[in-house]
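Student: Using the sequences provided together with the hints, build the complete structure.
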Amino acid sequence: MTAVLPADLLPGAETEARKILAVPRVRLLLGAPVVLALVGTLITALMSGPADPTGQPATGAATIGLYLGMIAVFTAAALLGIAATGGEYRHKTMALSVQLSPDRDRLVTAKYLVTAGFALATAVVAELVSFLVLLAAGRGKFELGWQLFEVLGAGLLVAMCWAVLGAGTGLLLRTLSGAIWLVLGWAFVLEPLIWLVAKGFGAGGMAAILPVSATVAGVSAGSFQEAEVFAPTPAALVVLVLWTAAVGAAGWWDLRTRDL
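Residue -19 is where the sequence shown starts when you use our numbering, and the numbers rise one by one after that.
Hints were generated in silico from the structure; no laboratory data involved.
Quick caveat, the model's predicted, so the values are computed rather than measured.
It cannot be assumed that every hint is accurate.
[Unchecked claim] Pair by pair, the computed Cβ-Cβ distance ranges are:
(1) ARG236 x TRP161: 24 to 32 Å
(2) ARG84 x GLY120: 50 to 58 Å
(3) TRP126 x VAL177: 33 to 41 Å
We put the CB at the ideal spot given by N, CA and C, even for glycine.
Tutor: Listed below in structure tokens is the structure:
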């Protein structure tokens, strides 16, 4: 860590890491996606047939468990980010954190870096587990090539983005439960409804700039090219990074300028 982070960020980053590791429920939150990736990939690898070049997803039906694990990773990353910021307001410890780290810029930076780092580590382990299961139980049932590695690489980036999105949302709303309801409700209910409405009005392309749409398109390796609500993979990842930057900056500005 000393070689990676500037010296002035180390104390704050170490403190944030200890906060995460000290909570048993957070450790369970980070472990659950790995278990789901293992079990889900094993089931889909054993139950799927040979790889179909024209099927969905493009990497083969055996990899569906991998995608389920990645969804769990992204969800856990967002919840981790929310807990790191909104949880401080819930437990009324943000004022104490600011007193211990008077430079609010460094405090926010440490929170973003640490939550993104834990999200990255979780994604690496979950993807590695899924990949090994595919090699062991899904031989001939998935496409081992550039598309699969594109999915794995994009998944790492997306996990870090959702950690920062969650942390930024927690800073903006200054509440734990409200931020959780907003992020999960948006991701699993509201935005999919927007896709349907936009597509019904012939404006599905507008939905492609939304964060969940960008997430799906970013890790699908072109599996849904005909769906107008999803942008091409490189563009989708850029859109998600822009959303992350915007929400992260808004959360940072809120903590920097508003009274606690």
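Student: Which numbered hints turn out to be false for this structure?
Tutor: The structure conflicts with no hint, since it agrees with every one listed earlier.
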